[in-house]
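Chemist: Model the full structure from these sequences, guided by the hints.
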Amino acid sequence: MKSKLGASPYLVWMVAFVAVPLAIVVYFAFTTKDGAFTLENIMGLGAYTTVFARGILQAMLATAICLVVAFPIGFFLSRMAPAHQKMMQMLIMLPMWMNFLLRTYAWMTLLERNGLINRFLGLFGIGPLQMINTGGAVVLGMVYNYLPFMILPLYTIMVKIDPSVIEAAQDLGCNVFHVLGKVLVPLAMPGITTGITMVFVPSISTFIISRMLGGGANLLPGDLIELQFLGNSYNYNLGSAMALVLMVIVLLCMSFTTADTEEMEAMV
Amino acid sequence: MKRGRLLKRVYMVAVFGFLYIPIAVLIAFSFNESKSRAVWGGFSLKWYVNLFHNEMILQSLAVSLFVAFLSASIATVLGTLAAIGINNMGRRARGAVMTLSYVPVVNPEIVTGVSTMLLFVVFNGQMSKFLTALLGTEVRLSFGIVTLLITHITFCLPYVLFNVSPKLRQMDVHLYEAALDLGCSPRQAFFKVVLPEIMPAVLSAFLISLTYSIDDFIISYFNSGTVQTLPIAIYSMTKKRVSPEINALSAIMFAVILAIILAANAFDAARERRLARALRRTQWEAGQG
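Chains A and B, in that order, give the protein sequences. As numbered in the numbering used here, residues 1 to 268 make up the first sequence, in order. As numbered in the numbering used here, residues 1 to 289 make up the second sequence, in order.
Calculated from the structure, these hints are not laboratory results. Certain hints may be false.
What the hints assert, rightly or not - Straight-line distance between alpha carbons at most 25 Å, and here's what the computed BS3-like set of lysine-lysine pairs gives:
#1 Lys129(B) to Lys33(A)
#2 Lys4(A) to Lys192(B)
#3 Lys239(B) to Lys35(B)
Modeler: In C-alpha cells form, the structure reads like this:
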C-alpha cells in the first residue's frame with residue numbers, strides 16, 4: 001500500500017500510447033516524406049485559413065448558443081425539488097447516451113429537402129427551404145449534440161448557490177439583470193468555463209457533423225485532417241501539421257477559460 | 001409572478017422538445033412500412049426483421065462488445081493499481097502523472113486517433129524491421145482488433161484513475177495499517193480491506209469505460225483497419241441514402257438505455273429504502289436499550 005510500483009505499468013502505457021504518439025505527430029508535422037526537416041507543412045496551412053476560420057467561427061457560435069440556451073435551464077433545474085432534479089438530470093443525460101451518429105442522422109432526416117420539416121412548412125405554402133448542407137445545419141448539429149455538456153456543469157455549480165444570496169440581492173434593490181450580472185453569473189463562472197470547454201473542443205474538432213449535415217461545401221478542420229489520413233489526399237505530414245494547429249487552438253481556448261482541474265475531475 | 005411561471009414552463013418544454021423530438025421521429029419511422037423518411041406508409045416491423053438478418057450489424061455488435069469488455073477490464077485493473085501507486089507519491093510526482101493523464105481527456109478525439117494511428121504506422125515501418133531482424137520472426141501490428149484494444153484501453157485509463165483516486169483519498173489510511181497489525185499479509189490487507197472499500201468506485205469506473213468504449217467512433221475510425229465496430233457500421237449505413245434499419249437500431253438502443261437507467265434507479269431507490277429501514281431499526285433498538 002505504501003508502494004508506488006502499482007503506477008508503473010500505467011505510466012509505461014501512457015508514455016507509450018499518449019506521449020510518444022503526440023511526439024510522432026510533432027515529428028511528422030516538421031518533416032518531409034523522406035524525413036528531412038521542413039517548415040513547408042506548417043506554411044502550407046495558409047491555404048486552408050478559410051476552413052480553420054470557419055471551424056473556429058462555427059464552434060464559437062455553437063458554444064455561445066449552447067450557453068445562452070443552457071443557462072436558464074441549469075438555473076431552473078437547480079431550484080427544483082430534489083426528487084424532480086434527479087429526474088430532470090436523467091432526462092438531459094438520456095439523449096447523450098445515444099450514439100452521436102444516430103443523433104446526427106436524426107437531423108439529416110428532419111432537415112433534408114423533402115424531409116419532415118419541409119413537408120410541415122409546405123402545409124402553410126412555405127418552402128421547400130434549403131436547410132441541409134448549409135453552415136446553419138452544421139451549427140445546429142453541434143448545438144444539438146453538445147447542449148447537455150453545457151447544461152450539466154451549469155446545473156452542478158448552480159445547485160450550490162444558496163437561494164438566500166439571490167433573495168438578499170433582490171432585497172437590496174437588484175433587478176433581474178443585476179441579479180444575473182452581479183450574482184448568478186460570477187457565482188456560476190466555474191460551471192460556465194467548464195461548459196465552454198466541453199462544447200467548444202468537440203465542436204471545433206468534429207468531422208462527422210459537417211459531413212452528415214454540411215455536405216461537401218462546409219469543410220471543417222476535422223474534415224481536412226481526416227482527408228490527409230484516410231481520405232483521398234493522403235499526406236500524413238500535412239495532416240500532422242493540421243492536427244498540431246488544432247491542438248494549439250484547443251490549448252489556447254483552454255488557457256482562456258482555465259478550467260479548474262478539481263472542477264474537471266468532478267465532471268468526469 | 002404567474003406569467004413568469006408560465007414562461008419558464010414553456011421554455012423548459014421547448015428545450016426538452018428540441019432534445020427529444022428528433023429521437024422520437026427517428027423511432028416513429030422505424031415502424032414505417034414505406035422506405036421514406038418523411039411519409040407514413042402504415043405500420044410494419046419489417047425493418048426490425050431486416051436488422052436482425054443484417055450480418056454486418058450483428059458482426060460489428062459482437063466486435064464492439066468484445067472490445068468493450070476486454071478493454072474496460074484491462075483498463076480497470078491497470079487504472080486501479082495506478083491510483084494506489086499515485087496515492088503514495090509525493091505531491092510533485094503526482095501532479096506530473098495527473099497532467100499526463102489529462103492529455104487524452106482534453107485533447108480533441110481526432111488528434112488522439114490520428115496520433116496513435118501514426119504510432120502504429122511508424123511501428124510497422126522501421127521498428128518492425130528492426131524487431132523482425134532481432135527476433136527472427138515477423139513482428140507486425142496490423143490495424144484491427146489489437147490496435148482497437150490498445151486505443152480503447154488508453155482512452156479509458158484516465159477515467160478509471162479519476163474515479164478511483166478520490167475514493168482512495170477518502171479512505172482512512174489507518175485501516176490498511178490496522179489490517180497489517182492484526183496479522184494480514186500486505187496481499188491479504190489489499191484484497192480484504194482496501195479493495196472492498198474502493199469497490200464502488202472501481203465498479204463505476206468499469207461501467208464508464210464500458211460505455212465509452214461501446215460509444216466511441218472517432219478514435220476507432222482511425223485505428224480499426226477493416227474491422228468494424230458498431231458505430232463504424234452505423235456510419236457506413238448513414239452514407240447510403242436511405243436505410244430505415246438505422247431507425248430500428250436507434251429504437252432498440254434507446255429502449256435498452258432507458259431500461260438500464262430505470263433499473264439502476266430502481267436499484268438505488270431500493271437501497272436507500274433498505275438503509276432508511278435499517279437506520280430506523282437501530283434507532284428503535286437504541287431506544288429500547
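Chemist: State for each hint whether it applies.
Modeler: Verification of the supplied hints:
1. Using a Cα cut-off of 25 Å, the hinted pair Lys129(B) and Lys33(A) holds, with the two alpha carbons roughly 19 Å apart.
2. For the hint pairing Lys4(A) with Lys192(B), the CA-to-CA distance comes to about 20 Å; that is within 25 Å, so the pair holds.
3. Note on Lys239(B) and Lys35(B): the hinted pairing holds, with a Cα-Cα distance of about 16 Å set against a maximum of 25 Å.
In summary, this structure violates none of the numbered hints.
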